[in-house]
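Q: The primary structure of each chain is shown beneath.
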Amino acid sequence: EAGVVQSPRYKIIEKKQPVAFWCNPISGHNTLYWYRQNLGQGPELLIRYENEEAVDDSQLPKDRFSAERLKGVDSTLKIQPAELGDSAVYLCASSQHGSGTFSYEQYFGPGTRLTVT
Amino acid sequence: GNSVTQMEGPVTLSEEAFLTINCTYTATGYPSLFWYVQYPGEGLQLLLKATKADDKGSNKGFEATYRKETTSFHLEKGSVQVSDSAVYFCALTLQGGSGGSNYKLTFGKGTLLTVNP
Numbered sequence: 001e002a003g004v005v006q007s008p009r010y011k012i013i014e015k016k017q018p019v020a021f022w023c024n025p026i027s028g029h030n031t032l033y034w035y036r037q038n039l040g041q042g043p044e045l046l047i048r049y050e051n052e053e054a055v056d057d058s059q060l061p062k063d064r065f066s067a068e069r070l071k072g073v074d075s076t077l078k079i080q081p082a083e084l085g086d087s088a089v090y091l092c093a094s095s096q097h098g099s100g101t102f103s104y105e106q107y108f109g110p111g112t113r114l115t116v117t
Numbered sequence: 118g119n120s121v122t123q124m125e126g127p128v129t130l131s132e133e134a135f136l137t138i139n140c141t142y143t144a145t146g147y148p149s150l151f152w153y154v155q156y157p158g159e160g161l162q163l164l165l166k167a168t169k170a171d172d173k174g175s176n177k178g179f180e181a182t183y184r185k186e187t188t189s190f191h192l193e194k195g196s197v198q199v200s201d202s203a204v205y206f207c208a209l210t211l212q213g214g215s216g217g218s219n220y221k222l223t224f225g226k227g228t229l230l231t232v233n234p
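Residue numbers (our numbering), protein chains in the order written: chain A, 1 to 117; chain B, 118 to 234.
None of these hints come from the bench; they were simulated from the model. Just so you know, even glycine gets a beta-carbon here, dropped at the ideal spot from N, CA and C.
A few chain B residues that face chain A, going by a derived Cβ cut-off under 8 Å, partial list only:
id, residue
1, E159
2, G160
3, L161
4, L163
5, F206
6, K221
7, F224
8, G225
9, K226
10, G227
Next comes chain B alone, as it looks inside the complex (with noise of 0.2 Å):
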């Protein structure tokens, strides 16, 4: 089956520390990645997302980039602040899926962020 895995958090950093959070996957057939986040009493946002290999997706200063050698999708960001304290979800859906199966999001575990002043 598909699967999404995480680092285990929770991940603390200073501002303007280099975040780093982890992910990896296996799918049944080729997958788009997404990393979404969630902020504390809301719901869940769409961060970025890559749809094909070597893609880099971007948004509010993070960055991943679907490695299909490596079956990686591992978010960056080259200076935190304190608004980025959240949790960060990993998730792929199948393109192409028989089934609906492109459209099940299949998500990792979170990792919760903590930025300090």
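Here chain A stands alone, though its shape is the one from the complex (with noise of 0.2 Å):
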């Protein structure tokens, strides 16, 4: 089984460029994450889409920020214009929730490191 696939790897752009990750997440799986991981921290969620719907968005600053997952599947995250504090790690995941499932599995992708100079 394929696991859950980003690109690109690796980003570096500068300041106030605009940029976009990928994500194709685990075939069935209906719900999808973003995540940013700052260096030396723990992920934190940036938005949940369940489906094509995005559920929780609150931790995501929506003045720069921006995701779609059309059609329920692969999702696209965008921030434009970038700033220097952007520089991280953007993690997306997915699960599978529904009835006799463990709704609190998540399954990660390895990751955009995104470098804005």
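Each of the two chains sits in its own frame; use the hints to bring them together as a complex.
A: Now the structure itself:
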């Protein structure tokens, strides 16, 4: 079974430029998460999707961050414009929620390491 | 709110040494507890989990016991190997929480383990 796929793995941009990250979750997983992991810290949730609906975006800085999950499968996270403080690893995770499943197990992708100069 | 506190690293051990990484938590409800591991250049992988008090999670020689009375979930391994070198994260979600809190993983800051041959 293929895991969570993310691209690109690394991205270096200048401040004020836009950037986008892509995530393909595990097949059949209806819930998708974007996390941000700052250096030396644990990941923090940015947004959670149930199918194509964003059900928790309370931690997403909406002035410059946006996300979409068209058709309830792949997802894109965008930053425009990027700031120096956005340098971090952006992790995507997915899980399957429903009756008879363990609702708390999330599977993570390798992440995209963003450096803003 | 919910929080997870891990012992500060880095932790450096010799091969076959005994490992303990302390983890304590605070939670507004009844949490499920997890240990995730992040190998260099890879995403987070679930190492083990426990969903109720006195449960013991185990995997790959690692163990952790859910201690409700001390709000702890310490990670142990009797004999570490060089291949165990990684960053270890303790995390929790709430069970049956409202507003999707049962899906949100709250992580500690991580503990870097280096095992020397």
